[in-house]
Amino acid sequence: MKVIDLTHTISENMPVYPGTETPKLEVANTYETNGFKETLLTMFSHTGTHMDAPSHIFAHRTTLDAFPVEQFIGKGLVIDCSELGEGQRITMSYIEAVKEKADQAEFLLFYTGWDNHWGTNTYFGDYPAITEEVADYLISSKKKGVGLDVIGIDPISDEHLTIHHKLFAETEIVVIENLARLGEIGNELFTFFALPLKYENSDGAPIRAVAVLNK
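If you want this note's numbering, it's the position in the sequence shown, counting the first as 1, plus 2.
Please note that the accuracy of each hint is not assured.
Said to hold, decoys possible - Only pairs whose alpha carbons sit at most 30 angstroms apart, straight line, appear in this in silico DSBU-like list of lysine-lysine: (1) K200 <-> K26; (2) K103 <-> K4; (3) K168 <-> K200; (4) K168 <-> K4; (5) K144 <-> K103; (6) K144 <-> K168; (7) K26 <-> K103; (8) K101 <-> K144.
Don't read these hints as lab results, they were simulated from the structure.
Turn these sequences into a full structure, and let the hints steer you where they fit.
What follows is the structure, given as structure tokens:
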């Protein structure tokens with residue numbers, strides 16, 4: 003068995019979505035004064051490697067804390083799209099190339115290699131994004147979730163969040179953004195864990211994403 007951590011570390015100088023404040027990690031108690039260390043964490047719910055709930059877009063839709071925990075665990079498949087450059091789209095041709103495995107998977111994770119730009123201005127550029135046709139496949143195949151190693155499932159230029167709206171309008175699916183190390187998993191099915199912080203009425207939350215490979 004091999005375990006791969008797919009999560010970026012939360013820090014005060016980490017990349018965040020443009021317009022969002024960076025996290026604050028303040029020492030609240032110290033070894034010297036209190037005999038123990040405790041940290042006050044202040045950050046937005048969509049910070050770092052995180053998960054979006056349908057309620058992120060629609061007020062009447064499901065929050066993360068309302069999902070059964072089984073929603074966050076399942077068979078994953080990484081689809082290699084790393085040949086794509088700036089402004090290019092992830093089309094159904096990538097899914098068709100691995101269709102049998104894609105149909106079996108509960109989570110599709112698209113590997114673009116964009117996590118190599120983590121910490122640079124390029125990360126917020128014109129990264130590869132999925133098409134509406136791919137979103138239709140995710141909906142019709144009733145996937146538990148979809149993930150990418152970029153900052154958003156929509157192009158950064160799409161202020162209307164078209165893909166978010168399409169996926170969350172009626173479907174019980176979660177969206178995972180800012181994944182890391184997808185290129186280390188390979189092209190076989192594996193067990194995927196993406197466990198969000200459980201807080202009340204959560205529209206999104208940081209997660210610890212992990213791949214467990216049967217090797």
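Hint check:
Under the criterion of a C-alpha separation no larger than 30 angstroms, the hint pairing K200 with K26 is consistent with the structure, at around 20 angstroms. Of the supplied pair hints, the one linking K103 and K4 holds, its CA atoms being roughly 20 angstroms apart against a limit of 30 angstroms. Taken as a hint, the K168 and K200 pair is honoured in the structure, with Cα atoms around 25 angstroms apart against an allowance of 30 angstroms. Proposed proximity of K168 and K4 is contradicted: the alpha carbons are some 35 angstroms apart, above 30 angstroms.
With a C-alpha separation of about 14 angstroms, the suggested pair K144 and K103 falls inside the 30 angstroms cut-off, and the hint holds. Annotation: proposed proximity of K144 to K168 holds, straight-line Cα distance about 13 angstroms (limit 30 angstroms). Among the hinted pairs, K26 with K103 is inconsistent with the structure: their alpha-carbon atoms are about 41 angstroms apart, more than 30 angstroms. About 15 angstroms separates the Cα atoms of K101 and K144, which keeps this hinted pair within 30 angstroms; it holds.
Comparing the model with each earlier hint shows violations of hints 4 and 7; every other hint is respected.
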